[in-house]
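Got chain A sorted already, so can you dock chains B and C onto it with the hints?
Residue numbers (our numbering), protein chains in the order written: chain A, 1 to 428; chain B, 1 to 293; chain C, 1 to 269.
Worth flagging that the hints you see were computed from the coordinates, not collected in a lab. Ideal Cβ placement from N, Cα and C applies to all residues, glycine included. Just to be clear, a hint being listed does not mean it is correct.
[Said to hold, decoys possible] Here's a subset of chain A near chain C, in silico, CB distances under 7 Å, partners left out:
| hint | residue |
| --- | --- |
| 1 | 66 |
| 2 | 72 |
| 3 | 74 |
| 4 | 78 |
| 5 | 81 |
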Amino acid sequence: MASGGVAGFLRIAAWVAVFALCACAPASHETTLKLWAFGPEGEAVGKLLTEFEQTHPGVHVVVQNLPLTAMHEKLLTAFAGDALPDLCQLGNTWIPEFAVLGALEPLQAYVDQSEVVRREDYFAGIWDTNVIDGALYGVSWYVDTRLLFYRKDLLAAAGFDHAPRDWDEWRRAMAAIKRNQGADRYAIFLPLNEFEPLLNLAIQQSDPLLRDGDTRGNFESAGFRRALDFYVEAFREHWAPSMSNTQIANVWDEFGKGYFAFYITGPWNIGEFKRRLPAELQGSWSTAPLPGAHGPGGGAAGGASLAIFRTSRHKQLAWELTEFLSGVKQQQRFYMLTGDLPARRSAWDFGAIQTDEYTRAFRTQLERVKPTPKVPEWERIANEMQLAAERVVRGGESADTALRALDAKVDDVILAKRRALLAARARQ
Amino acid sequence: MSGERAAWTFVAPALFVLGVFLALPVAAALLLSFTDFDIYALANLDNLRFVGLGNYIEVLRTPLFWKSLLNTVWFVALALPLSLAVSLGAALLLNSPLVRFRGLHRTALFAPVVTTVVAVAIIWRYLFHTRYGLINYALGHFGIGPVDWLGDPHWAMPALVLFAVWKNFGYNMIILLAGLQAIPQDLYEAARIDGASAARRFWHITLPCLRPVLLLVAVITIAGYFQLFAEPYVMTRGDPLQSTVSVLYFMYEEGFKWWNLGRACAIAFLLFALILVITRVLLRLARAQDHNA
Amino acid sequence: MTKWSVNGLLIAGSMLTLLPLAWMLSASFMQPGEASHVPPPLLPAHATLANYRELFLRAGMGRYLLNSFLVAGAITLASLAFNLSAGYAFAKLRFSGRERLFRAVLAALLVPLQVAMMPLFLLMKWLHLVNSYGGVVVPALASALGIYLVRQYARSIPDELIEAARIDGAGEWTIFLRIVLPLLKPMIVTLAVLTFLASWNDFMWPLIVLSDQAWQTAPVALAGLSREHVQDNELMMAGSVVTVLPVLLLFLLLQRQYLQGLLLGSVKG
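With the rest of the complex left out, here is chain A (with noise of 0.2 Å):
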C-alpha cells in the first residue's frame, strides 16, 4: 500500500501533465477557421465548407454546433472569457447586444469593395436589423418570419376556402373552427412561453414598440393595446389552449391530430412538417401571411446574421467565407439543406423554391417585415412583454395593469441604464 501512495501521486501528476497537454496543444500548420452555428443550421453549413477549403487550400473551417436554447449564455460567457470565434451565425435580434459590447467587426468597408453582396438585393427589412447607429455589423445569412401554418381541411369544413386575411375574418374563422372542434380540441395554439406570435401581431401597428430614441417602452400606446387585446381575445374564447410548448408532447403530432387548426411559426416547420405528417395529411396544410388588423399585415424581421468578431485574427478569411455563404448558389443549397430561406431574392428567381407552395407566403411577408427595436435590452423587454401578456391570459389581470406595470419596468429597470448612459454622452 506504501508503494501504492506513491504511485498514486505519481498517477496525479500525470494526470495534471496530460491536461496541460490537452490545453494548450498547438494546433497544425494550416489556418483554422472557426465558425460558430446553432441548430440545424450547424449541421448543414459543414456540407457547403468542402467547396470553400477547396477553393482555399491551407483553410481548415471548424464549424461548432451549439444549441439554440443556450446559444445568449454562450455568446456572453464566451464574450467574457476571450472565447469567441472568428465568426459566428447571429440571431439579428442579438446584433445590438455585441455591438454595444463592441464584440463586431464593422462589414461596411468589406461590403463596399464586394462583388456577391449587394444590399439591394436583400430584403430591405431584414438588412436593416444589420446596422446600428449607423454602421453595418453583419450580413443576412437566411432569414424568417413568423406566420400562419393552418389545415385547410379543418378551415374549409368550417366553411372557409382560403386563409383569413385581416383579423375580423381570422376572428370568424378561429370561432367556426372551435364550433367544430367542441371542448377538447382548439382552432389555434398560442404557447403561452413564446413572446413571437404576440411580438409579430404588435409589430404590424404603426405605434413604435419602444419610444424616445428607444429609451423607454411604449406599451401603452393605442397600438399594441390593440395587439395585445386580440391575442387575450383568443383564449376568452377558447380558440387558444392556455399552454406553453413544454406542455405540448409534440407539437407536429398534434397538428396532424387535428388538436388546433392554426399554428404561427416560421418556415423551418415547412420541412418538419413536411417530414412529420403523414401522407394523408399533406394536401391539407399549408402557409399563409400573417393577418393584419386591416388587410395583409407584417411581422418582425426574423433570421440570422454571419457576423465577423473583432477578436478574429483571420477577418479577411472570415469574410470570404461570409462572401461564399452569401453566393446565390450557395444560398440555395443552403435552402434545399435546411429549409432556411436565402436572405437575397435573386436567390428566390429559381430551382425547387421557386415552385414551392409553402414558401410563397413568406415571400410576400419577407417584403413587408420591421425589424425589431435594436437595443441590447430588446430580448428582456420581449420577455417581459409575454410575461405581462400571460398574467392578463392566464393570471386574469386587467390589460391596463399589466401594461402600466410593463412600461414601468422596462422604463425603470430594464431602460435605465442605457437611457443614462445616452443622456451622458449628449451632455459631453
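Below, chains B and C alone, put in the same frame as chain A:
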C-alpha cells in the same frame, strides 16, 4: 520547530485552493454587489459605477424577487415535511426486524440520490405530462381528473416538490436509519413489558431519541432546498407564470442571461443571509427547548 | 406490525421508487413518438436501438461522456491528494492556528457556492481556464467537506503509531505515505466515490465555464439536448440512461463504503 513546517506542507495546498477559489470569489462577490456591473460595464469598465446598497434596494423592490422568495418558501414548506415523513417512514420500515432483503431495499430506495438531476428531471417531465404521463394515468384510475402538473401555476411547484422528494429522501433515510439503530433496545423492551402500544412506543421513545438527528436532517434539508435551481432549470424554466422561479433561478437569469452581475451578486447574498438566519434560528430554538425540557 | 405488512410496504415503496428509472430504460428502446399514447405504454412494442444510435452518431454523446469521465476522474484523483493530506494534518499534526483554520474550513461548508460563482468565473477568465477541463477541475481540487471527513476519520489513528515512526527517524511525508494512508484506506474509497458522483452530477458550474461544445460534460450536453429536442422524448430517455448508468453502477459496486461516508459526514457532525 520543524514539525510546524512539515505540517504546513500538508495543509497549504488545500488551503491555497480554498482561499483562492472560494474565499477570494466570495469576497469579490460582496464587492461586486455594490456596483452596477452589467453588459455596459463589460463592454467598457468606465461604465462601472459604485452604487452602494443600490442593488440590494433595487432587488428588494423587484416584485419578481419577492415572488421567487415566496415560491422558494412555498417549495420548502411543502417539501420539508413531506421528505422528512417519507424518509422517516422508510427508515422505520428498514429498521424493522421483520424485513427480508434489507440491503436490496436500501439500495433501491437510495438509488435516486445518486442519479444525475438533469437526467431524471427529463424522465419526470414526461411522467407529469398532462395527457401521456403515467402519473395522470394512475390518478385517472382513482377518478381524479387530469392535472396539468407543469402548466398550471398552482400545480407546477407541487410537481417539483414530488420530484425533489423522490430524488432526495434516500439521503435522509440513511441518516435516520443510523439514528434509529443507535437507540438502545432495552428502552423498547421496558416499554413493551409496561404494555405500551407500538404507537405509544413511537411517540415516547423513538421520536424523542431521534430528535437531535431529526433536527440535524431538517437543517441540512432546509439549507439544500432553499438553493433550489436545477429542478426548475430543466423542468419548467420558471414557467408557468413564473410560479417556479426560485431565488437562485432568478439570480442565474439576472447574472448569466442578462449580465447584471452586480444585481445577481446582491441576490446571492440576500439568499445566503436568509439561509444563515433560518438555520441559526432553528438551532437556537431547538437548544432553548432542550433547556426547558 | 405484521411481517406481511412491513415487507409489503417496503416492496411497494422500492418499486415505486425504481419505477421512473425503469420506465426511462423502457422508453429509451421505443420508436420515436411511441411513448405519446393513451394509455401510456410501459414496454416498447418493437424494441429498437435507434435512439442510442442517434445519440452517439449524431448528437455526439460519446464525446460528452468521455469529458465527464475525464473531468470527474481528474477531480477525484487530485482532490484525494489535497484533502487527504490536509485532513490528516488537521487531525494529527500540530501547527499554530490549527483550530482557527479548521473552523474557517467548516464555515466554508455553509457558504452557498452560487455566491462565489460569478467572481470565480472572472478569475477563471483571468487565469485563461475558461473553456478548458482546467476550469472545472482546478476549483474542485480541495473541498471543505473532504477535509472535514478525512479529519474525523484520521482522529481515530493511534498517536503511538506515528510517534514510533518519528522516533525511528521517518520524515513526516514518509509517515503519511507509509503508515497513515494504508489506515485511511476505507475513507479513501468513500471519498473517491463521493467526489466522483458529485463531480459527475455537477451541472451549474460546468454549464457556465465550459462554453465550447467540445468540452461539455454529459449532464450539460443532456440539458442542451433536452431544450433542443424537447419533442423527441424517446431520444432524451436514451440520453438520460447513458448519463445515469455510470453513476448508478459505481454506486452499486461501492455502496457500502459510500453510505458509510455519508454517515460519517452527517451524524458525527
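Comparing the hints with the structure gives:
Proximity of residue 66 (chain A) to chain C holds as hinted, the smallest CB-CB distance being about 6 Å (cut-off 7 Å). Nearest Cβ of chain C to the Cβ of residue 72 (chain A): about 11 Å, over the 7 Å cut. The hint is violated. A cut of 7 Å between beta carbons decides the hint on residue 74 (chain A): the least distance to chain C is about 5 Å, and the hint holds. The interface hint given for residue 78 (chain A) is met, as the beta carbon of that residue sits about 5 Å from the closest beta carbon of chain C, less than 7 Å.
At a threshold of 7 Å, the smallest CB-CB gap from residue 81 (chain A) to chain C is about 3 Å, leaving the interface hint in force.
Consistency with the previously given hints fails for number 2 only.
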